[in-house]
Amino acid sequence: MLELREITKRFGDVLANDHVNIVVKPGTIHAIVGENGAGKSTAMRIAYGFYTADSGEILVDGQVREIRSPHDAIALGIGMVHQHFMLVETMTVAENIVLGAEPGSSFALDLKSAAAQIRQLSEEFKLAVNPNEPVEHLSVGQQQRVELLKALYRHAKLLILDEPTAVLTPLEVEEFFGILRRMRAQGKTVIIITHKLSEVLAISDEVTVMRDGKVVGGVQTKDTNAAELARMMVGREVLLRVEKPDADVGRAALEVRNLSVTTATGAKRVDNISFQVRTGEIVGIAGVEGNGQTELIEALAGLVEPAQITGEIIIDGKNINAVSARARRELGISHIPEDRHRRGLLLDFNLAENSILGVHYRPPITRLAGNVFLDDGAIRRRATEIIEAFDVRPRNAALPARSLSGGNQQKLIIGREYHVNPKVLLVSQPTRGVDIGAIEFIHRQLVKLRDQGCAILLVSAELEEVTSLSDRLLVVHDGKIAGEVDPKVATLEEIGLLMTRGH
Amino acid sequence: MKYKVFVLIALLGFMAFALSGCGRSAAAEDPSKIRVGIVFDIGGKDDRSFNAAAWEGVQRAAKELPIILRDIEPGTPNAIEPAMRAFAERNFDLIIGVGFAQAPIMEQVAKDYPNIQFAIIDGVSQLPNVASLVFKEHEGSYLVGILAAKASRTGTIGFLGGMDIGLIHRFAKGYEEGAKSVNPNIRVIENYVGVTDSAWNNPGKGKELSLAQIGKGADVIFTAAGNSGLGAFDAVEQQGKQNGRATHFVIGVDSNQNMVKPGFVLTSMVKRVDNAVYDIVHQVVNKRFSPGLHVFGLDKDGVGYAMDDFNKDLVPPEAIQEAEAAKAKIIGGEIKVTDAMGS
Amino acid sequence: MKTLARELLFPLIAVIAAFVVGGILILLVGDNPIDAYRLLLGSALSWPDGIGYTLFHATPLIFTGLAVLVGFRCGLFNIGVEGQLYIAAFATAWVGIELANRSSWFLIPLCFAAAILAGALWAAIPGVLKARFGSHEVINTIMLNFIAVSLVSYFTQYYYKVPGDPILQTAMIGENAHIPRLGSFIPGLPERIPLNVAFLLALLCCVLVYLFLWRTKWGYEIRATGSNPSAAEYGGISIRKQIVVAMAVSGALAGMVGINEVLGYRYRYYDGFSDNYGFTGIAVALLGRNHPLGVIFAALLFAMLQHGGIYVDGFSENVTKDIVQVLQGIIILFVAAESFFKWLVGRARPQANQLPRVRAVTQ
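Here the protein sequences line up with chains A, B and C, keeping their order. Sequence positions in the first sequence follow my numbering and run 1 to 503. Sequence positions in the second sequence follow my numbering and run 1 to 343. Sequence positions in the third sequence follow my numbering and run 1 to 363.
Quick caveat, the hints were computed from the structure, so don't treat them as lab data. Every residue gets a Cβ at the ideal spot worked out from N, C-alpha and C, and that includes glycine. Don't take each hint at face value.
[Claimed, not checked] Straight line, CA to CA, 30 Å or less: simulated DSBU-like cross-link-like pairs of lysine-lysine:
#: 1; chain 1: B; residue 1: K336; chain 2: B; residue 2: K312
#: 2; chain 1: A; residue 1: K25; chain 2: A; residue 2: K214
#: 3; chain 1: A; residue 1: K268; chain 2: A; residue 2: K196
#: 4; chain 1: C; residue 1: K241; chain 2: A; residue 2: K318
#: 5; chain 1: A; residue 1: K196; chain 2: A; residue 2: K126
#: 6; chain 1: B; residue 1: K150; chain 2: B; residue 2: K336
#: 7; chain 1: C; residue 1: K217; chain 2: A; residue 2: K268
#: 8; chain 1: A; residue 1: K214; chain 2: A; residue 2: K268
#: 9; chain 1: B; residue 1: K241; chain 2: B; residue 2: K150
#: 10; chain 1: A; residue 1: K448; chain 2: A; residue 2: K423
#: 11; chain 1: A; residue 1: K423; chain 2: C; residue 2: K217
#: 12; chain 1: C; residue 1: K217; chain 2: A; residue 2: K112
[Claimed, not checked] Covered stretches of chain B, going by a simulated chain C footprint (3 or more residues, C-beta under 8 Å):
#: 13; segment: 101-112
#: 14; segment: 144-157
#: 15; segment: 160-172
#: 16; segment: 183-197
[Stated by the list, open to error] Label pairs and their calculated CB-CB ranges:
#: 17; chain 1: C; residue 1: I139; chain 2: B; residue 2: T154; range: 43 to 53 Å
#: 18; chain 1: C; residue 1: L293; chain 2: A; residue 2: E484; range: 56 to 66 Å
#: 19; chain 1: B; residue 1: K216; chain 2: C; residue 2: Y159; range: 43 to 53 Å
#: 20; chain 1: C; residue 1: G30; chain 2: B; residue 2: D30; range: 49 to 59 Å
All chains should be modelled from the sequences, with the hints used to inform the complete structure.
Here it is, written out as structure tokens:
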């Protein structure tokens, strides 16, 4: 169906695709996996005409084709669904789908027949999309299906999906895979770009693994397993499951009593939550994103106006509701934020400057004249310690944080927050957008900190992560705790049910 | 890539073109000629009023006399001194400063260059190398006051001043006395645009004040407000005409402004800055420069009212006769117009 | 070194490009651009008048450039520098008049303090308004400009003018408040040139601002707030406090313009003295790439244009001083259009480098 031959693409100094060869057979689901920056997306964008290859050729149905723009690709029956949906929120599904491919005569817009056609397609693939619904009323999962319909409406025989499950809840992922299987049954070909190995194994027929811009392997899914794929992606053995001893639990370090958090506009996001985190344990919080996790962690970290909080936050027996973020840090609370670009890093500052955020105002970082001046030597030492202990690459403290990959940025943040020997650690989405090799490292570090007696509260949208790391697991739904489960025995289905249905 | 090359070539081409120049060297300066430099006020030479009049005077001199003329518009208060010094450094023979604000600066510069002759318009200096060119604005204002009182049907007239300072009070007082000499019961409404430099440059407020005066019955408005005065012109034009004659009139100031809104401008109280400037250049050319106070009153035609084709139908001969009679009496000393600045 | 060269590249291109375009305009009005530029730069750099006046004109621009820079580094756009420097200049003159008979050792530091404090307090108003109520500093500083200018005019007109003086200016300050002109200790520089100690103060401020922003914890907090307020807050930094502090520091720097003007040049407050120093300061900060060293160079350049422009206006055939405004405008335009030059020079960053970043945000 689609073949890339010796595709090479260079961006400045970066060789994004280096003689890439991929063969996608018709009627299959083909997964392309690799770490961030491995060149997966670049290769697919070349196939879709977003970029032109510096050399190499593209064959569609066995014929060499020149694809200079997405327009060419669509004409050849290739459709692509991006991570960021390209939908006009205020328009209806049908209007969005027809946009750019208006039916009928070039003057009169025949929306009615388009809607009928869309309804038919929707039924054929069981997409359950109402063509007359405005897009803004749809859930994220439904919007994704609109994007699929858009491609199908343009008679795509081959669909390229870029990280399609990143935005979906576990249940939605299952539904989505059902759709893909139906498409395959109807003779469509699907390419799915991802870095989640469980999904690759669950859905694909064949896998192409990329690393550093090269194809490092192509296998039949049934002949492989997660460990092998991970090894190919990273280039070395990777431990996928976290090995951890039983928790050695002590007294309650962090306690939350009847905590509620409202937004500045008055919407209640955390609704009467109570729990404890004891020293030496990891308490996980599972839940579909947007169910109050962000607000909970920010409230605990002191980043929410006290007026928006009711209930009690207690550290070592003391109520800290009115204590500032800085004073909370001094009490031994560290915080690895969910959004490292918005909260965690000063992207334009260099690594050394980032390594002191939160302790920049006191010795040993400051000195002279009542501790006003920054001590460059102390800053450099601290940065070097963090960079070495957490293997941040490149090992150059003078580089701006912006220039690092996501995984290395995350390692820098974690290193910084570990460096103060926290008593309580608030962790949100620690491995989001992080390469598989770094994930393993980050997980081991969390367990290590736990074993040193730190009380850790872990929020993650990755169910596997939160179940394998946590000693106790709270499931939240709509700002409330929907239940507590034992992560060692609970099944993903059980947890998923609590996440989506509440009690 | 092609675009980049094209843009680069275009830029280089421009540069080459610019640098090659057309090789026209500056006109060689004749050393025998007298060199005159003029430094304008912040307003600049195109203000259609005070600066424009000075500019007209030096230009006339440049045409008729053997001089080399250079001018600088400083644009900002802190550039006035370097501008004056730029001329002094180059040994200009005469440096003219326009406006009273330049007086203290000229005082400084003239001290440093005793061999160079200076002239200041509207300002006064005691230095032996500075000529102070001042005007008897009150005398001219007296005459337009007469014309205003003659033209008014309501018995109420207005005065719109720019900045609320002594110099402008001089216009107001003379105007009032002139009007009262015709009609002792006449009412004069006096308003000022402001107290800062911007008062000279706020036609919007000038118009509002004029409309307010019209609202109180004024049908002739004398404006001494620089650019702000143009608001008064708009205000009277807005009142329209009846039977082909304007119902309300404005009196212009400094330059002849009769043509600004023909039919609505009764006359202009002209301050012959051009004549004064021309005179001083003439003196320097003929080596007869005299420092000290040069007062331009009605006697030397330094002030007056403007009559031309634009307003000849607006002012009846009888009014002109009365104004001319008053003029003769002022020159003769029979009428003493109060000088609000008291000098 | 490499980064320094890169930082300098675009401002330099902007200046050269501006001169090229300006040259074309000069040709169009019928003069020789080389002669005009020679006149412009020659008179701005002649000794002693050119250099003396250029440095004198540069002094307020260094102060205002630094003021804008400090605001920018905290993510604030202080358009109120103009108003702040008026208030400060008046406050300086006020102290200099009221306490005219005190000794220099007492009076001069007090006048300095008046300039600095008045500027800082005036600028702190929009800072507090933003920190407390979230109202936008751009709008508030613009409004306060009007208030400041009118306020000092009012006090000058009705309380501090010498009766009968047609010029809107205060009485003279006491002789003891005068700060020395550099001509009094630099041989060959006549004392009539108003270049004074305030210029040295401006240079000192560049060093101090550098140390403050990059070498102290306060500067770190201000820059962190400007770079990413959310992350600063996360790091335990009070954003509200930084906003007020940065505005006050910015205003203090703006206020020092009053020292140059009142204590070093006119020895009185002269209404309307500022040649839009506050607004030119924005251009100076931009061209100087928000770095104190860059601010010095940018201020010198603008001062050269200003002083040389007087000569171009007076002694070229057809070119007027407007050419200076044109040059300034084009420089700013080109600095703003930096990405165009990046494209032209072919330094556009590879898109591939940016992709992971965008992805990480959305994943």
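Going through the hints against the structure:
1. B:K336 with B:K312: holds (28 Å)
2. A:K25 with A:K214: holds (20 Å)
3. A:K268 with A:K196: violated (33 Å)
4. C:K241 with A:K318: Given pair C:K241, A:K318 holds - Cα atoms ~27 Å apart, limit 30 Å.
5. A:K196 with A:K126: Since the Cα atoms of A:K196 and A:K126 sit roughly 25 Å apart, the hinted pair holds (cutoff 30 Å).
6. B:K150 with B:K336: holds (20 Å)
7. C:K217 with A:K268: Not OK: C:K217 and A:K268 at ~37 Å, beyond 30 Å, violated.
8. A:K214 with A:K268: Status violated; Cα separation ~49 Å.
9. B:K241 with B:K150: holds (18 Å)
10. A:K448 with A:K423: Satisfied, since the Cα-Cα distance of roughly 13 Å is no more than 30 Å.
11. A:K423 with C:K217: Roughly 25 Å between the alpha carbons, so the hint for A:K423 and C:K217 holds.
12. C:K217 with A:K112: violated (65 Å)
13. 101-112: holds (count 5)
14. 144-157: Violated, because only 0 residues of the segment 144-157 of chain B bring their Cβ atoms closer than 8 Å to Cβ atoms of chain C.
15. 160-172: n = 5 at 8 Å, threshold three: holds.
16. 183-197: holds (count 3)
17. C:I139 with B:T154: 43 to 53 Å: holds (45 Å)
18. C:L293 with A:E484: 56 to 66 Å: holds (59 Å)
19. B:K216 with C:Y159: 43 to 53 Å: For C:Y159 against B:K216, whose Cβ atoms are near 31 Å apart, the range 43 to 53 Å is violated.
20. C:G30 with B:D30: 49 to 59 Å: violated (21 Å)
This entry does not satisfy hints 3, 7, 8, 12, 14, 19, 20, going by the numbered hints stated previously.
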